[in-house]
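Trainee: Sequence:
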Amino acid sequence: MWEDEYAAFWRELGPGWHMALATSLDGEVTARMMSVVQLGGRLYFQTDRRFRKYAQLAGNPRAALCAENTQILGRCRELGHPREHSEFCRAYRELYPGSFGRYTQLEDERLFVLEPEFVERWLYIGGRPHVETFDVGARRHEIREYRL
Numbered sequence: 001m002w003e004d005e006y007a008a009f010w011r012e013l014g015p016g017w018h019m020a021l022a023t024s025l026d027g028e029v030t031a032r033m034m035s036v037v038q039l040g041g042r043l044y045f046q047t048d049r050r051f052r053k054y055a056q057l058a059g060n061p062r063a064a065l066c067a068e069n070t071q072i073l074g075r076c077r078e079l080g081h082p083r084e085h086s087e088f089c090r091a092y093r094e095l096y097p098g099s100f101g102r103y104t105q106l107e108d109e110r111l112f113v114l115e116p117e118f119v120e121r122w123l124y125i126g127g128r129p130h131v132e133t134f135d136v137g138a139r140r141h142e143i144r145e146y147r148l
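Using the numbering used here, read the sequence shown as starting at 1 and increasing by one per residue.
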């Protein structure tokens, strides 16, 4: 069942990862590492509103997060200052105490959420490569063997 597989994916992903965030605007693509919190199948991160990634997300909310064998494509929304979101702050403080102490209370910090639309990851099953995908809008899950 789709819901069970998708929930299992998020349990396996866990509460947080360091992930590469790719954003683009007007043909310019950039990427940088982010400290990401996963809450209920959504990915949260904070950034300074004076940074390039902020301007790119304001102009084009489509973004991708990638770590290890997993990439997640979706749309980002700004949620305001991180301190206005206690569940995020609790998780971020627990996962990234140094970053929380240095950055979360700064006035120009802003919280974003990435709502996943498509997830893809590579798996090795029986020593053979497979590609697992979740098409969130279509509620479709697939694992197919990769063959040349």
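By construction, these hints were calculated from the structure, which means they are not laboratory data. Keep in mind that the hints are not guaranteed to be accurate.
[Unchecked claim] Restraint ranges, calculated between C-beta atoms of paired labels, are given here: (1) Arg93 x Gly40: 16 to 26 Å; (2) Arg50 x Tyr146: 39 to 49 Å; (3) Ala7 x Ala67: 29 to 39 Å; (4) Pro61 x Gln105: 21 to 31 Å; (5) Asp4 x Phe51: 30 to 40 Å.
The beta carbon of each residue, even a glycine, is placed where N, CA and C say it ideally should be.
Trainee: With reference to the structure, classify each hint as holding or not holding.
Mentor: Results for each hint:
1. Arg93 x Gly40: 16 to 26 Å: Distance hint for Arg93, Gly40 holds at roughly 18 Å.
2. Arg50 x Tyr146: 39 to 49 Å: holds, 42 Å
3. Ala7 x Ala67: 29 to 39 Å: Hint violated: Cβ distance 19 Å, outside 29 to 39 Å.
4. Pro61 x Gln105: 21 to 31 Å: At 25 Å between Cβs, range holds.
5. Asp4 x Phe51: 30 to 40 Å: holds, 38 Å
Checked against the numbered hints above, the structure breaks only hint 3 and satisfies the rest.
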